[in-house]
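Novice: Turn these sequences into a full structure, and let the hints guide you.
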Amino acid sequence: MGKVQYQCSMSLDGFIAGPGGDMSWLVPYLGPDPMVDQIMERTGALLAGRRTFGGDDPYKGTEHEGEAYGGGWEGPQFVLTHDPPDAPVPGVTFVTDLETAVAEARAAAGDKNVGVLGAQIAAQCLDAGLLDEIFVGVVPVMLGDGVRLFDHPGGTRVKLERISLSEAPNSTDLLFRVTR
Numbered sequence: 006m007g008k009v010q011y012q013c014s015m016s017l018d019g020f021i022a023g024p025g026g027d028m029s030w031l032v033p034y035l036g037p038d039p040m041v042d043q044i045m046e047r048t049g050a051l052l053a054g055r056r057t058f059g060g061d062d063p064y065k066g067t068e069h070e071g072e073a074y075g076g077g078w079e080g081p082q083f084v085l086t087h088d089p090p091d092a093p094v095p096g097v098t099f100v101t102d103l104e105t106a107v108a109e110a111r112a113a114a115g116d117k118n119v120g121v122l123g124a125q126i127a128a129q130c131l132d133a134g135l136l137d138e139i140f141v142g143v144v145p146v147m148l149g150d151g152v153r154l155f156d157h158p159g160g161t162r163v164k165l166e167r168i169s170l171s172e173a174p175n176s177t178d179l180l181f182r183v184t185r
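Residue 6 is where the sequence shown starts when you use the numbering used here, and the numbers rise one by one after that.
Calculated from the structure, these hints are not laboratory results.
Check the hints yourself; a few may be wrong.
Claimed, not checked - Straight-line alpha carbon distances no greater than 27 angstroms define the calculated DSSO-like cross-link-like pairs of lysine-lysine that follow: (1) Lys-164 to Lys-8; (2) Lys-117 to Lys-164; (3) Lys-117 to Lys-8.
Specialist: See below:
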């Protein structure tokens, strides 16, 4: 069975999105990355929060706007939301319960990983003991404000074990195992 894996890019100062969820900061850093290619290859389904699913897209204005990983990945997507849309979205299943969303995404992924997109859904998975790994591409820019990689008011300690470290032209890629 695959892992439940938080997948994101992050500025050096710890933000995965700019103020208001802005993702345009990432555009200059998109490009070839062998580790990201491996992550996509090993991902069988995506699980996103509603804000991430409906949010800003670094591929906005291109032929790959609205496509996961800019069109580099295809497969079933699950969105955790309290307010599913009335009209169906092809390839997307809207789920209202975290445990059900993770279970359905795992079943759809088969022996591959479930890629978790979005800070809030990743934090919920972590709190519920459902998150196995964290992949972060650290990008050489500082944003100063925005959506943090991990935000837990009052603080909490999460112990991680580094699995791998690699460099790409536009990022330093880190993969961690969540230790329990």
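Novice: State for each hint whether it applies.
Specialist: So, going through the hints one by one against the coordinates:
Pair hint Lys-164 plus Lys-8 holds up; C-alpha atoms about 17 angstroms apart against a cutoff of 27 angstroms. At most 27 angstroms may separate the alpha-carbon atoms for a hinted pair to count; Lys-117 and Lys-164 meet this at roughly 24 angstroms. About 7 angstroms separates the Cα atoms of Lys-117 and Lys-8, which keeps this hinted pair within 27 angstroms; it holds.
Consistency note: the structure conflicts with none of the earlier hints.
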